[in-house]
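Generate coordinates for the entire structure from the input sequences, incorporating the hints supplied.
In the order they appear, the protein sequences are chains A and B. Residue 904 in our numbering is what sits at position 343 of the first sequence, and the numbering runs on without skipping anything. Residue 462 in our numbering is what sits at position 234 of the second sequence, and the numbering runs on without skipping anything.
Read the hints as simulated data drawn from the structure, not as lab findings. These numbers were taken from a predicted model, which means no experiment stands behind them. Glycine included, every Cβ here is placed at the ideal spot set by N, Cα and C. One or more hints might be untrue.
As the list claims (entries may be wrong) - From the derived model, a few chain B residues whose C-beta atoms are all more than 10 Å from chain A:
1. Arg239
2. Arg242
3. Thr250
4. Ser312
5. Gly314
6. Glu323
7. Ser364
8. Leu368
9. Gly392
10. Thr403
11. Gly409
12. Gln410
13. Thr449
14. Thr450
15. Gln462
16. Ser476
Said to hold, decoys possible - Ranges between beta-carbon positions, derived for each pair:
17. B:Arg361 <-> A:Arg576: 22 to 32 Å
18. A:Trp816 <-> B:Arg361: 22 to 32 Å
19. A:Arg728 <-> B:Ser283: 26 to 36 Å
20. B:Ser283 <-> A:Arg819: 22 to 32 Å
21. A:Ala744 <-> B:Pro335: 36 to 46 Å
22. A:Arg728 <-> B:Gly241: 17 to 27 Å
23. A:Val680 <-> B:Asp354: 29 to 39 Å
Stated by the list, open to error - Taking beta-carbon pairs under 8 Å as the criterion, some of the chain A residues facing chain B (in silico):
24. Arg576
25. Pro577
26. Leu581
27. Leu584
28. Ala657
29. Ala660
30. Arg661
31. Gly814
32. Ala823
33. Thr825
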Amino acid sequence: MTAVSATRERRLPLRPAGRLLRLELRRNAMIWMLPLVAALFWFVVYRRTVAYPPSWSLRVMSMQTSVVSVFVPTVVGAGAWVGSREGRHAMTGLLAGTARPRWMRQLAAWAATTSWVVVAYLVCVGVLYAVTASQVSWGGPLWWPAVVAAASVPAFSALGFAAGALRPSRFTAPLAAITAFLALEISAQFIHGAGSPWQISPLVAGPWNIGPNEGVATFYHYLPDLPIAQALFLAGLTAAVLGVLGLPAAAGGRWLRRSAAAVTAAGLLVAGTAVALAGTGRLDPHGLIAIPALHSAADDRPIDYTPVCSAAEIPVCLHPAYAAYLPDVAAALAPVLAEVAGLPFAPVRVDQAAATYHSATDNGIEVRLAGGLSGTPPVFHLVLPNQVPGPVMTTQEQAAAVRVDAGTAIVAGVVGAGRDADPAQQAIMLAIVGGSMSDPDPQVAAAASRFAALPAAERHAWLAAHVTALRAGQLTLAQLP
Amino acid sequence: MNVETVDLTRRLGRTQAVAGVTLSAEEGVLGLLGPNGAGKTSLLRMLATVIPPTSGRLRLLGRDPGDHAQRREIRRRLGYLPQSLGYYPGFTVVEFVEYFALLKEVPAERVPHAVAAAVERVGLGDKAKTKLRTLSGGMLRRVGIAQAIVNVPELLLLDEPTAGLDPEQRMAFRTLLRDLGQSATVVVSTHLVEDVGAACSRVALMDQGKIVFHGTPAELTTRGEGTDAAGDAQLERGYSAVLAEARS
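In structure tokens form, the structure reads like this:
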């Protein structure tokens, strides 16, 4: 007995399963793929995600989709490579004569592969969360998207492992990885409406066709309904696939195979239930998927918050999650608000409001910008463009859009211009907001230019004296100064 | 009897690989000789519980390998080296042997000692932390032997164990075989008649799936005396004579 026994005997005896897992961890093929995973995460997930404005909902929901599309093919490939190991290395005969059941051996190899991916995932996502936490102005991290993505690691690792174990070949791993990627991407194409069972795909972080959305989970709670169903599905899938590996006669004894059958059945039941639950989903008015059986009424209550406001006669108040936008939004609205300040029917405050979501035909979603000018005293309810689905605007782009859209709505509210604004109302709106009307009538444009050319104090005095008549539609273009 | 087979058969597709083998073996080294395709490997695979027999009776270490619980008991006490040894190239020698110790359910507290002992016994102590991908064919064969003996088996089945070993290693291995045969039943399948002469207390000769001779090496030698059977050594002439007689 030389150095070998001396060193090894010094170690504390671990339980055999622990020793087996430790061996598998030390020599797992996934270790070699970690740099690739980190690089893919950097290029595909991190750069794209942190390019979004610092909002938990926007970044984390975007992260769920992109991280799944990066990790799933990788983990399927690694799982298949490890699963096919015995066949590729002609170890089947040698291992068949050992006492420990094949299923136990396979579970150790699968667990080691999965553990490495989970570690890589936690590190990558941890960095992303830490960076986001240092940048956001309000709210805490949303964990459910990270949970769903994490739950997809063991599930897809098990699928890859099973493919490798059942079809051991050097081609199994790349084929399985490509198949998983395509299957994942194609599965999302079958989603039609908020009640589609296909939303169970871990790629889906919210109503599928609207993409990452900064507006959800700020005014109202994040709904974990769909993520719970997805996590259940992935857990069930993991159990079912791992159970299938224990079903063949060679996997172990009768007791073990019965256990495997029970695990498979339980996994299928859980996964099937989760798919059925996803099929009962509906679009929540606040932009997420609600599943009645999993829904908590407490999540429907608005979240209390203290708005951040500009210092002006008519203050612009935003949700603290959007505090970074306040200077530009307030500056964009300042000219319009200065014009209407003190007038009858003018808003006393501009408050940011939540958008509301409704299912539309043909898999569409209608986003309603609730509010406008309402209440006594009147308050203007503002919905920022970045609150609603669509391309994320820069701060300047958003300010320009607010100036035109909200500015027009504020003036329209004051002068009483509805859809059929009369020429005088149109001219006043055009004069105050400027450029908000496409192709105005030449007479309206001329009157607007005339009114805009007046000194601000004169315009304001005239409006104060005539706004009631203007709202009543009693003024003509000729009566404008 | 540690190995007891009665009219054992194994069919592989249309081929009758093993055609009614009746054999018994106690402690000691049993050499399994025979030409290519005689059925030696198939017989060893059945004895190793890797494949079940098509028909016949098989008992190993006093247990029935057809029963799962008993088969597991047999496997705990079994060592097996297949003809072509598969291995994980990224494992070190110690890790590979430890892997098999764990799979053979060697008690956890005994694993480090058992692994070290097996590695030392095949003379790879100085290569213990070397990755398998860097070892020569002969060294890999010794790693295979180490994994087979790590659980101190009561029944050791070795399929062409000396293939790839140099003469010095082969001599050391014969010594190891004799040593192992003191306390276990060792069945060695080989093409090399000199291995049998040097290390085996009993010899069985297979041809076309059947045992055509079972006795001591001396008895096999005797069968070749006074014949014109081919062979450089006496044992080889006995081997050739028995085969010729079986085929006539």
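With 8 Å as the cut and Cβ atoms as the points, is A:Ala660 at the interface with chain B? holds (4 Å)
Is the Cβ of B:Gly314 more than 10 Å away from each Cβ in chain A? violated (3 Å)
Interface hint for A:Arg661, Cβ within 8 Å of any Cβ on chain B: holds (5 Å)
Interface exclusion of B:Leu368 relative to chain A, criterion Cβ beyond 10 Å: holds (12 Å)
Verdict on B:Ser312 as a residue remote from chain A, using beta-carbon distances over 10 Å: violated (6 Å)
Please check whether the beta-carbon of B:Gly409 is more than 10 Å away from every beta-carbon in chain A. B:Gly409 is indeed farther than 10 Å from all Cβ atoms of chain A, at 20 Å.
Using 8 Å as the Cβ threshold, decide whether A:Arg576 counts as touching chain B. holds (6 Å)
10 Å Cβ clearance of B:Thr450 from chain A: Holds: least Cβ distance 36 Å, greater than 10 Å.
Per the CB criterion, is A:Ala657 less than 8 Å away from chain B? holds (5 Å)
Given A:Thr825 as an interface hint, is its Cβ closer than 8 Å to any Cβ of chain B? It is violated, given that the least Cβ distance between A:Thr825 and chain B is near 20 Å, above 8 Å.
Is 29 to 39 Å right for how far apart the beta carbons of A:Val680 and B:Asp354 are? holds (34 Å)
Grab the minimum beta-carbon distance between B:Ser364 and chain A and tell me whether it stays above 10 Å. Holds, because the least Cβ-Cβ distance between B:Ser364 and chain A comes to about 18 Å, which exceeds 10 Å.
Hint compliance for this structure: hints 4, 5, 6, 18, 32, 33 are not met, and every other hint is.
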